[in-house]
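Chemist: First to last, the protein sequences are chains V and Z. This note's numbering numbers the first residue of the first sequence as 680 and each following residue consecutively. This note's numbering numbers the first residue of the second sequence as 113 and each following residue consecutively.
Everything labelled a hint here was simulated from the structure, so no lab data went into it. Heads up, a few of these hints could be off.
Stated by the list, open to error - Restricting the straight-line Cα-Cα distance to at most 27 Å, the calculated cross-link-like pairs of lysine-lysine (DSSO-like) are: (1) Z/K304 / Z/K343; (2) Z/K141 / V/K856; (3) Z/K138 / V/K873; (4) Z/K234 / V/K727.
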Amino acid sequence: MNILVFVNHVPDTETKVKVGADGKTIDPAGINYMLSPYDEFAVEEGLKLREKFTGEVTVASLGGDANKETLRKALAMGCNKAVLLKDASVRDSFAVARSLADFAKELSPDIILFGKQSIDYDNGQVGSLVAEILSMPSISVVVKLEINDGAIVAEREIEGGHEVVCSTLPAVVMAQKGLNQPRYPSLKGIMDAKRKVIEERAASFVESKVEVLSMRKPPAKNPGKIVGTDVSAVPELVRLLHEEAKVI
Amino acid sequence: MPDTLSFVPTESMLMIQQTARDFAEKEIKPYVMQYDESQEFPLGIAAKLGALGFLGAVFPEEYGGAGLSALDFTVLIEEISKVDPSLGLSVSAHNGLCTNHIFMFGSDTQKKKYLPDLCSGKKLGAWGLTEPSSGSDAGGMRTTARRDGNNWILNGSKTFITHGSVGSTFVIMAVTNKERSKDGISAFILEKGMPGFSVGKKENKLGMRASDTASLIFDSVRVPAENLIGKEGEGFKQALTILDGGRIGIAALSVGLAQGALDASVKYAKERQQFGKPLAEFQAIQWKLADMAMEIEAARLLTRKAAFLKMQGVPYTLEASQAKYYASEVASRAANEAVQIHGGYGFIKDFPVEKLYRDVKLLTIGEGTSEVQKMVIARQLLQ
Numbered sequence: 680m681n682i683l684v685f686v687n688h689v690p691d692t693e694t695k696v697k698v699g700a701d702g703k704t705i706d707p708a709g710i711n712y713m714l715s716p717y718d719e720f721a722v723e724e725g726l727k728l729r730e731k732f733t734g735e736v737t738v739a740s741l742g743g744d745a746n747k748e749t750l751r752k753a754l755a756m757g758c759n760k761a762v763l764l765k766d767a768s769v770r771d772s773f774a775v776a777r778s779l780a781d782f783a784k785e786l787s788p789d790i791i792l793f794g795k796q797s798i799d800y801d802n803g804q805v806g807s808l809v810a811e812i813l814s815m816p817s818i819s820v821v822v823k824l825e826i827n828d829g830a831i832v833a834e835r836e837i838e839g840g841h842e843v844v845c846s847t848l849p850a851v852v853m854a855q856k857g858l859n860q861p862r863y864p865s866l867k868g869i870m871d872a873k874r875k876v877i878e879e880r881a882a883s884f885v886e887s888k889v890e891v892l893s894m895r896k897p898p899a900k901n902p903g904k905i906v907g908t909d910v911s912a913v914p915e916l917v918r919l920l921h922e923e924a925k926v927i
Numbered sequence: 113m114p115d116t117l118s119f120v121p122t123e124s125m126l127m128i129q130q131t132a133r134d135f136a137e138k139e140i141k142p143y144v145m146q147y148d149e150s151q152e153f154p155l156g157i158a159a160k161l162g163a164l165g166f167l168g169a170v171f172p173e174e175y176g177g178a179g180l181s182a183l184d185f186t187v188l189i190e191e192i193s194k195v196d197p198s199l200g201l202s203v204s205a206h207n208g209l210c211t212n213h214i215f216m217f218g219s220d221t222q223k224k225k226y227l228p229d230l231c232s233g234k235k236l237g238a239w240g241l242t243e244p245s246s247g248s249d250a251g252g253m254r255t256t257a258r259r260d261g262n263n264w265i266l267n268g269s270k271t272f273i274t275h276g277s278v279g280s281t282f283v284i285m286a287v288t289n290k291e292r293s294k295d296g297i298s299a300f301i302l303e304k305g306m307p308g309f310s311v312g313k314k315e316n317k318l319g320m321r322a323s324d325t326a327s328l329i330f331d332s333v334r335v336p337a338e339n340l341i342g343k344e345g346e347g348f349k350q351a352l353t354i355l356d357g358g359r360i361g362i363a364a365l366s367v368g369l370a371q372g373a374l375d376a377s378v379k380y381a382k383e384r385q386q387f388g389k390p391l392a393e394f395q396a397i398q399w400k401l402a403d404m405a406m407e408i409e410a411a412r413l414l415t416r417k418a419a420f421l422k423m424q425g426v427p428y429t430l431e432a433s434q435a436k437y438y439a440s441e442v443a444s445r446a447a448n449e450a451v452q453i454h455g456g457y458g459f460i461k462d463f464p465v466e467k468l469y470r471d472v473k474l475l476t477i478g479e480g481t482s483e484v485q486k487m488v489i490a491r492q493l494l495q
């Protein structure tokens, strides 16, 4: 099976993000970057598919040289090949998807895996857009995936439950937490990854359709209120939750 | 291989660090106190360590190892030991003692026979030098090996052997010629289940309780002649070389334990309020943290320097002893101060520093006491 996984290089989940001086990008100073967690599920699923069907897992990422760190991690987990689609511009989801689709077309994969969203800008659109551009079925928020004879049965997470859908390969599948438990890169994997060459090529140029005007942090939360510290405070707490906060 | 020691970690060092950190946080941390209390060796975790290549970390791929450098290895041991020094000890001893002894001095046949299962963690390795009546004075060994046709007959016992009861492959030093003193000691590979070879008492310890420590008993154990490692009479010299490398492992373990103590102390100092402000705002606490951080960094640099020299293939006995001595003493002070910063909460098992305070005591004792390290250092200066 020819498996393609797209991954993104995003700020660590523990980062305290600051808005940059231009007011519309984040300040990159002091930020540690990582393989986006949902993309990690996608990588794991790609590796599991290869274990079942044999074949090859190619991992690709669009961005600058820094993205190599994330590609290297995916290689250490066991991906066969890594490709950096080099690009320094700020792109919207469409412009990213178009370039990824251009690359995917060349590779003609049986399946394209994404995380359900990158945890940086959280648009959650790129996977579906790539599917649309390539006229492939698109299945998002997947927590279970079974493939037999080119037929897909997938479970999607929906509000309050799961939805079971079927489709056919080739398709785009977007991973949700719960799909699998990503493996740790083994030491051998890390040492092998060190020797592998990350292929670099220029990402196709695509103009964005959406421009970011400004970015701001949400207003600071109001401090909590201590109603009391023993059981006698319960009636008052219930009254406040009911009448003021209106949550019960 | 780098010929300069850089302060900037390589990409693979960072990845090894991150992997070991993630693994320790998720797969070890939740169970640390459970194994400490029950004093049970965590076979399940050891199997996972094996699957990730931690148990064959420094050996070449042809034997199923991961091919890490000595420097990479210090990073690995440090990260595991931050969370559980007992498992840091397991990984360090498995790699650095038994497996390394066969790798460095074994024949091709021995390497092909034993290394793959040791590197994969299918079998755990143990190394036997210490005896009930000879610790630091390893020359006073009483275990004997007598040649009998195509076999050696081993009699005696070993004590305080890491992986003694869970190990399957053993490297055992025994006297083959009493008259020749240290040059009359030879090293043998023993396997679990050889007739006459049994495991004695499993020790009930102050710390490092998840690490398996037991005595070994040899009652006329017939060991095939092909299990002699290297030449007859070279065992003690081999053992000293192995201990040099092992000391870098204990130094890295010490750095990890100390860093774990500091991290826990920083976290606690920020959270704990006294007299209306966090502990971290009191200079008395700040000074403790500053001293801990500075000493840990110095210990780390000494450790990495010793590892770097080892990678270069130049003598590193002096630096390994300096690193082991200094880092273990730093770790002792750090664990002590960490408990002090935690106050009463450092004395109970709900916070991690109580365990570190117990675990750390091994580090100034095992693989050569601090006093022995000073002897080694002085000998290097005065020779």
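Chemist: Determine for every hint whether it applies to the structure shown.
Modeler: Here's how the hints hold up against the structure:
no.	hint	in the structure
1	Z/K304 / Z/K343	holds (23 Å)
2	Z/K141 / V/K856	holds (22 Å)
3	Z/K138 / V/K873	holds (25 Å)
4	Z/K234 / V/K727	holds (24 Å)
Hint check: no violations occur; every hint is consistent with the structure.
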